[in-house]
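**Student:** The task is simple: from the sequences and hints, build the whole structure.
The lines below spell out each chain.
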Amino acid sequence: MRIFVRTALAIVGGYVGTSAIIAALAMIAVAMVGMERSEAATLGSMLGFVIYLGLMIWSFAEPALIRMTLSLGAVTALSLALIVLLGRYSS
Amino acid sequence: MEPTFRASMNWLHTWSGVVLGSLLFAIFWMGTLSVFDKEIDRWMMPASRLAWPADFSYDAMRPAYQAALAAKSPSVLLLVPNERTPVITGLWRAADGSFAQHMFDPRTGAELPDQGTLGASRFIYPFHYSLNLKVLGIGYWIVGLCGMMMMALCVSGVVIHRKIFTDFFTFRPERKIRRTMLDLHNVAGVLGLPFHVVISVSGLVILFSLYFPSSIWAVYRQDARLFGREAYGTFARPPAKRPADLVSFDTIVASAKSAWGQGEPNYLYVFNPGDAAAYVQLNRSSEDVVSNISHVAYVDGATGELLSAGKPEKPAAVTQRFIAGLHFIQFRHWTLRWLYFGLGLAGCVLIATGLLFWVESRRDRHRTLGRSGARVVEAVTVASVTGLLIATLAFMVTNRALPLGTSVFGVERGVVEPVVFHLIWLLSLLHAWLFAGRAWVGQCRAISVLAGGAVLLNTVTTGDHPIRALADRQLWPIAGIDVTLIISAVIAALAAIRLARRGRAGTGSSMEAESR
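Quick mapping for you: the protein sequence lines, in order, are chains H and L.
With our numbering as the guide, the letters of the first sequence map in order to residues 17 to 107.
With our numbering as the guide, the letters of the second sequence map in order to residues -5 to 510.
Some hints here could point you the wrong way.
What the hints assert, rightly or not - A partial selection of chain H residues facing chain L, derived with a Cβ cut-off under 7 Å: (1) 39; (2) 43; (3) 47; (4) 48; (5) 50; (6) 60; (7) 61; (8) 70; (9) 83; (10) 100.
Unchecked claim - List time: in silico SDA-like cross-link candidates among lysine to any residue, alpha-carbon distance up to 25 Å: (11) L:128 <-> H:32; (12) L:170 <-> L:459; (13) L:128 <-> H:27; (14) L:308 <-> H:49; (15) L:235 <-> L:187; (16) L:308 <-> L:367; (17) L:128 <-> H:31; (18) L:308 <-> H:87; (19) L:251 <-> L:48; (20) L:128 <-> H:28; (21) L:32 <-> L:398; (22) L:308 <-> H:27; (23) L:308 <-> H:66; (24) L:32 <-> L:90; (25) L:308 <-> H:28; (26) L:170 <-> H:52; (27) L:308 <-> H:41; (28) L:32 <-> L:459; (29) L:308 <-> H:53; (30) L:170 <-> L:360; (31) L:308 <-> L:255; (32) L:251 <-> L:85; (33) L:308 <-> H:52; (34) L:170 <-> L:494; (35) L:235 <-> L:223; (36) L:32 <-> L:192; (37) L:308 <-> H:48; (38) L:308 <-> H:44; (39) L:308 <-> H:50.
No lab work stands behind these hints: they were computed from the structure.
Since the model is a prediction, treat every value here as computed from it, not as a measurement.
The C-beta atom is built at its ideal place from N, Cα and C for all residues, glycine as well.
**Tutor:** This is the structure:
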């Protein structure tokens, strides 16, 4: 059961977290660095594979499942908050 | 979880390997074959074994275009013949809405008879990236997950290694099977590591906008369709609803070449054919560059004027295309092509030996404990390694054994071939389960017979036997496939003999000599 939760966390949680992080990164690159938006989108997307890999490895390496869940949740929440904030700022 | 980082990586490596190993093997195997997909196409479509006309005139594409026009297709894709594909390929939507693919003679433009097969480029190649599962694009996601896991396997594999340098030189073939498997796994893994990492990353990066679209959504919001236009300079315009003829293909190509300076197109994509607003997308052939899509130009179909030709100079877009190009291998370099093939096989050996190591280290323990784990994994491994090779060979043998135009139970050959592939694959699993422990021998024999049979059938049905093919430059693709098949037949026969001897000697273990 714990293995199932951990695997789900790594694959699904990692994917959701990565998606949120790269979306925030792309928006930061456009809003603050002044990168062209197609470039920011492509770069963000490609970084996604590296970030996802890191999150997956981390999910399996972290001994305390609860700490992992909370950290991943926090990073995702922070990214989502940034997306909302930057969305307001840019429009 | 495990107490140390290395222990948890060991756990991850072991279990993701066992769970996804079979699928990974299938993806690697089909990808390895796709390195020579065009050559397999020539083998399976004898009418296309033509000489490549060096003095090709683009106006030879006119009949193919007219055929698409007659079918009232909204667009038509015409592939320019090249060394590996010496025919004009036309793809368009038929009147009934289905996609049709036709081949035309590059000299006369005359349509070649339908070859009644999907060949490698429409069966083996799509299997590699989508497992041919089209429902909801689920195949892409399964393959994508396998690609991610391959990277995780590479990382965890490196972490659990204590002596990565010594493993370069360590191979103990004659001691315990388990030891041999681990050594072979390490050698293939360590030597091939850069390839395995690059091939997984690049495979994923090709489909970046499918796998990670959130960054595109984030910066484009409602108009995500603008991404293609801004990133790649994609051009589009609606039909004018007035009929007009397309100018000559030579004029269109000359227009595009004026933007490129040098190089030839590898395809002409005509949108709104027959309309005054017709336009043609041309991509500069990537024969001499790594990047798959090197330089796209748009030409007005009615006037032949250049509409747009934005050279992709944006760093991220260029990087993405370079990485994708590493995976597509559309550049012309035969040494590298064979290297990709060899390293792909090394990847197959890596995955197969990894699975076998798992089985060998648990077989005896599971038997005494009365657990079925090792037996199940072994049967699945046999079916996914030798079984898949048998199925692939059966696919090719069916193509040569059934004459063009025959149908089995009212089903034409193009459909029978994939059915045979899947049926034989399933049977190999059944065989592996029923003959646990001995299945390797039987399946190696089957590979040997089928590979030899394929060469023989090709000789009988087309007359292009290996010696004749070797002597004739335009038949080299056929010679390459036949020679590879003969080598595989010999290796499989030797493996079967050794395995049978080992089985009689009573070691009770099986071994797979080489996964070809």
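**Student:** Decide, hint by hint, whether the structure agrees.
**Tutor:** The hints, checked one at a time:
1. 39: Result: holds, 4 Å to nearest chain L Cβ.
2. 43: Interface hint status for residue 43 of chain H: holds (5 Å vs cutoff 7 Å).
3. 47: violated, 9 Å
4. 48: Given a least distance of 13 Å, the restraint on residue 48 of chain H is violated.
5. 50: Violated, about 12 Å.
6. 60: Hint holds; residue 60 of chain H Cβ to chain L Cβ min 3 Å, cut 7 Å.
7. 61: It holds, given that the least Cβ distance between residue 61 of chain H and chain L is near 4 Å, below 7 Å.
8. 70: violated, 9 Å
9. 83: Since the shortest Cβ distance to chain L is 11 Å, the answer is violated.
10. 100: violated, 11 Å
11. L:128 <-> H:32: holds, 24 Å
12. L:170 <-> L:459: Roughly 42 Å separates the two Cα atoms, so the pair is violated.
13. L:128 <-> H:27: holds, 22 Å
14. L:308 <-> H:49: holds, 15 Å
15. L:235 <-> L:187: violated, 56 Å
16. L:308 <-> L:367: violated, 52 Å
17. L:128 <-> H:31: holds, 22 Å
18. L:308 <-> H:87: violated, 35 Å
19. L:251 <-> L:48: holds, 18 Å
20. L:128 <-> H:28: holds, 22 Å
21. L:32 <-> L:398: The given pair, whose Cα atoms are some 19 Å apart, holds under the 25 Å limit.
22. L:308 <-> H:27: violated, 32 Å
23. L:308 <-> H:66: Satisfied, since the Cα-Cα distance of roughly 21 Å is no more than 25 Å.
24. L:32 <-> L:90: Not satisfied, since the Cα-Cα distance of roughly 28 Å exceeds 25 Å.
25. L:308 <-> H:28: Not OK: residue 308 of chain L and residue 28 of chain H at ~32 Å, beyond 25 Å, violated.
26. L:170 <-> H:52: The given pair, whose Cα atoms are some 59 Å apart, is violated under the 25 Å limit.
27. L:308 <-> H:41: holds, 18 Å
28. L:32 <-> L:459: holds, 19 Å
29. L:308 <-> H:53: Holds, at roughly 11 Å.
30. L:170 <-> L:360: holds, 18 Å
31. L:308 <-> L:255: holds, 20 Å
32. L:251 <-> L:85: holds, 23 Å
33. L:308 <-> H:52: holds, 9 Å
34. L:170 <-> L:494: holds, 17 Å
35. L:235 <-> L:223: Holds: residue 235 of chain L and residue 223 of chain L sit about 24 Å apart, inside 25 Å.
36. L:32 <-> L:192: holds, 23 Å
37. L:308 <-> H:48: Roughly 19 Å between the alpha carbons, so the hint for residue 308 of chain L and residue 48 of chain H holds.
38. L:308 <-> H:44: At roughly 18 Å apart (the allowed maximum being 25 Å), residue 44 of chain H and residue 308 of chain L satisfy the hint.
39. L:308 <-> H:50: With a Cα-Cα distance of about 14 Å, the restraint between residue 308 of chain L and residue 50 of chain H holds, given a limit of 25 Å.
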